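Enquirer: Read top to bottom, the protein sequences are chains A and B. Sequential numbering from 0 applies to the first sequence in numbering that gives the first Met the number 0. Sequential numbering from 0 applies to the second sequence in numbering that gives the first Met the number 0.
Hint data in this document are derived by calculation from the structure and do not stem from the laboratory. Treat the hints with caution; some may be incorrect.
Copies of the same chain look alike in the list, so a pair counts if it works inside one copy or between any two.
Here are the computed lysine-lysine pairs in the PhoX-like style, where the Cα-Cα straight-line distance is at most 25 Å [said to hold, decoys possible]: (1) K5 x K377; (2) K351 x K5; (3) K126 x K168; (4) K145 x K351; (5) K34 x K121; (6) K377 x K126; (7) K85 x K351; (8) K199 x K89.
Treat the numbers as computed from the prediction; the structure is a model and nothing was measured.
Number of protein chains: 2
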Amino acid sequence: MSNFPKLGILGGGQLGKMLCQAASEWHLPVYVLDKDESFPAAPYATVFERGNFRDYDDVIAFARNLDVVTIEIEHIDTEALHKLEKQGVKVYPQPDKIDLIKDKGLQKQFYVEHGIATTDFKLYGTKEEVNRAVEKGELHPPFVQKTRTGGYDGQGVAVIRYREDVPDKLLDGPCLVEDMADIDKELAVVVARSATGEVKVFPTVEMEFHPTANLVEFLICPAALDGDTDGRASKLAVDVVQQMEIVGLLAVELFLTNDGELLVNEVAPRPHNSGHHTIEACATSQYEQHLRAILGLPLGDPSLLRPAAMINLLGAEGHTGPTYYDGWTDVLAIPEVHPHLYGKADTRPFRKMGHLTALGDTVAMARERAARAQSMLKIIAREA
Amino acid sequence: MSNFPKLGILGGGQLGKMLCQAASEWHLPVYVLDKDESFPAAPYATVFERGNFRDYDDVIAFARNLDVVTIEIEHIDTEALHKLEKQGVKVYPQPDKIDLIKDKGLQKQFYVEHGIATTDFKLYGTKEEVNRAVEKGELHPPFVQKTRTGGYDGQGVAVIRYREDVPDKLLDGPCLVEDMADIDKELAVVVARSATGEVKVFPTVEMEFHPTANLVEFLICPAALDGDTDGRASKLAVDVVQQMEIVGLLAVELFLTNDGELLVNEVAPRPHNSGHHTIEACATSQYEQHLRAILGLPLGDPSLLRPAAMINLLGAEGHTGPTYYDGWTDVLAIPEVHPHLYGKADTRPFRKMGHLTALGDTVAMARERAARAQSMLKIIAREA
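Could you put the whole structure together from the sequences, leaning on the hints where they help?
Expert: Here you go:
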């Protein structure tokens with residue numbers, strides 16, 4: 000395929016899988032590096048290579064014949080990526096941007112330095128420092144403690160509600176502590192910036208979290224916002240991606256406070272859970288948009304064509320073992336419901352096993368369909 | 000994946016590829032049999048097996064661990080499929096239905112016997128018989144001669160316009176001869192019938208053919224028909240699939256005569272070129288619908304969500320060799336244009352190298368976008 004560069008993806012999880020699926024439309028050659036062939040992306044990569052994307056030598060060896068390298072997870076060692084960049088491989092998002100984002104402390108400092116509204120925060124070196132600050136009365140629960148690195152899917156975040164939670168519920172390691180923002184809504188805006196500098200922004204989505212798993216439960220698009228707020232959310236996301244000069248997707252998570260203020264919570268430089276619905280609901284999916292951006296192609300039209308509601312399909316509580324989709328047939332009888340399964344052989348409580356996007360004439364219709372599907376489908380452990 | 004049967008597809012061309020892509024949403028395990036790994040479906044099959052789907056032993060060996068077997072082309076030897084059916088493998092479409100359809104003579108006789116309107120025809124055993132009928136004055140050009148078996152993508156069809164075309168332009172072998180129907184429009188209706196007997200019909204599409212290559216050039220949906228005609232077209236397709244008792248998709252090609260009569264031209268028991276647009280334009284794609292039908296799952300909603308125009312992407316005239324997509328970047332700048340490339344390493348004149356679906360607020364908008372893309376993209380031969 001003489002037109003197309005060879006693309007490598009570090010990570011073969013569901014985001015890597017969905018990038019492979021998007022690439023399949025153009026028959027784009029995609030190489031994926033991850034531990035073993037049980038990973039979601041493996042069957043849909045042109046070439047799947049076993050290896051550890053956190054290992055310097057594995058990454059260098061993986062990229063030896065590739066033209067462009069991207070990631071599906073930012074919590075990686077970027078040393079090899081810096082080396083590849085020096086060797087002339089296009090690495091998008093750029094390694095220095097990944098370094099900035101994966102350390103939540105640096106990320107927050109970037110916002111402060113660039114005049115981007117974010118929640119107030121303080122940095123601490125250790126759990127003990129946080130404990131001391133509480134004991135001295137400098138820091139008062141409720142607050143949110145986040146480890147500076149390694150947080151993902153609700154990991155690395157502690158919500159400290161009461162004085163008695165300290166020190167037992169505190170997390171180890173360098174961290175930041177934020178006030179509990181006075182939040183009306185949690186929003187996300189996925190924005191793309193191409194290697195050519197072109198920027199396009201997807202419609203704002205509204206998120207609701209599962210009460211115990213700290214994972215997004217419902218995502219609706221369009222968000223129920225007045226036009227002014229919606230416009231400000233898009234503009235803020237564009238501002239962040241342009242100031243960071245990221246190439247690729249940037250998912251910008253925002254808080255809308257009860258005062259109507261928009262604050263950046265955090266960002267991810269890759270396809271994001273809050274953009275899954277774009278596969279069916281938008282003129283261009285976030286996955287195709289990421290490919291366009293990192294390959295320097297014109298960005299696609301991000302318009303929403305149809306209201307959508309998305310749910311993550313999580314492993315049922317109390318079930319660990321071989322995956323079984325109970326209620327599968329019933330779910331498929333609901334119109335405009337699109338389940339995506341990630342093919343994980345084993346389930347465990349709250350594991351992300353797939354997602355499901357429902358469309359409808361209105362958000363209410365889409366959401367009702369998604370909720371109906373959710374009530375029918377249980378991902379449980381059962382031998383075949 | 001304990002819920003899912005193991006599915007096999009005979010044939011790894013673009014239709015097989017798009018079945019694999021649809022199956023990837025559910026992470027359904029798909030086995031594909033075809034000659035070698037250069038075939039379009041190979042990178043997207045869970046398991047790709049080298050072999051000849053026209054070879055009895057290869058097919059039997061391929062299916063030894065499979066639960067359900069389907070096809071992406073009906074011009075195959077069905078002996079192995081009959082054997083598999085006897086062994087308890089679910090073969091959809093059923094082998095006897097494939098036998099019926101792949102012989103255009105038997106197919107036409109079926110329509111006559113079941114009161115399904117079709118063009119008038121006569122069967123002949125050889126080219127010489129056709130020649131004699133013309134010489135005797137029993138048969139008068141213009142007419143269309145079709146070989147009873149082996150016709151595909153414009154192969155096996157001769158349009159005999161003048162007396163002087165006989166015998167030189169006649170095709171060899173058993174054939175049928177049809178009147179040149181007095182055609183206003185050529186239509187296609189893709190309909191699905193599930194293993195459970197459920198039937199759902201996709202919206203009618205209107206086709207326009209390339210003037211020399213005898214391949215569909217433009218496909219538009221919805222077709223420009225009055226409601227009565229459109230309803231009759233859907234009803235006719237449902238009638239055919241129910242009378243044939245096919246399990247899976249059936250693409251029903253229809254002629255609308257200048258008198259407003261609808262005649263069945265021919266059918267194909269598989270995903271069809273006239274259903275490519277369903278990937279982006281309909282609530283359920285024809286590929287997912289075929290999977291649902293043959294797996295006995297509830298059929299999806301076939302509603303058109305957005306007007307569409309589809310073009311086949313053909314190899315440029317005068318170009319044979321390594322494929323190069325000239326104008327690729329420009330095409331991607333057009334909104335709501337979805338090119339699908341089949342990854343064929345070599346191009347040749349009029350070879351089907353891909354297709355492209357454009358959406359829009361209206362058919363006119365979709366068609367203008369598709370035409371613009373077509374004028375920009377040339378699939379040529381060029382070394383990398």
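Enquirer: So, for every hint listed, does it hold in this structure?
Expert: Structure-based check of each hint:
In this homomeric assembly, K5 and K377 come within 25 Å of each other (Cα to Cα) only across copies, at 22 Å, whereas the closest approach inside a single copy is 39 Å. Taking the shortest Cα distances, K351 and K5 sit within 25 Å of each other only across copies (24 Å), while inside one copy they are farther apart (29 Å). Proximity of K126 and K168 under a CA criterion of 25 Å is satisfied intra-copy only: 10 Å inside one chain copy versus 87 Å between copies. In this assembly of identical chains, K145 and K351 lie within 25 Å of each other by CA distance solely inside one copy; the values are 21 Å within and 54 Å between copies.
In this homomeric assembly, K34 and K121 never come within 25 Å of each other (Cα to Cα): the closest approach is 37 Å inside a single copy and 63 Å across copies. For the identical chains of this complex, K377 and K126 are neighbours neither inside a copy (38 Å) nor across copies (62 Å), given an alpha-carbon limit of 25 Å. For the identical chains of this complex, K85 and K351 are neighbours neither inside a copy (36 Å) nor across copies (41 Å), given an alpha-carbon limit of 25 Å. For the homomeric pair K199 and K89, the shortest alpha-carbon distance inside one copy (21 Å) is at most 25 Å, but the shortest distance between copies (47 Å) is not.
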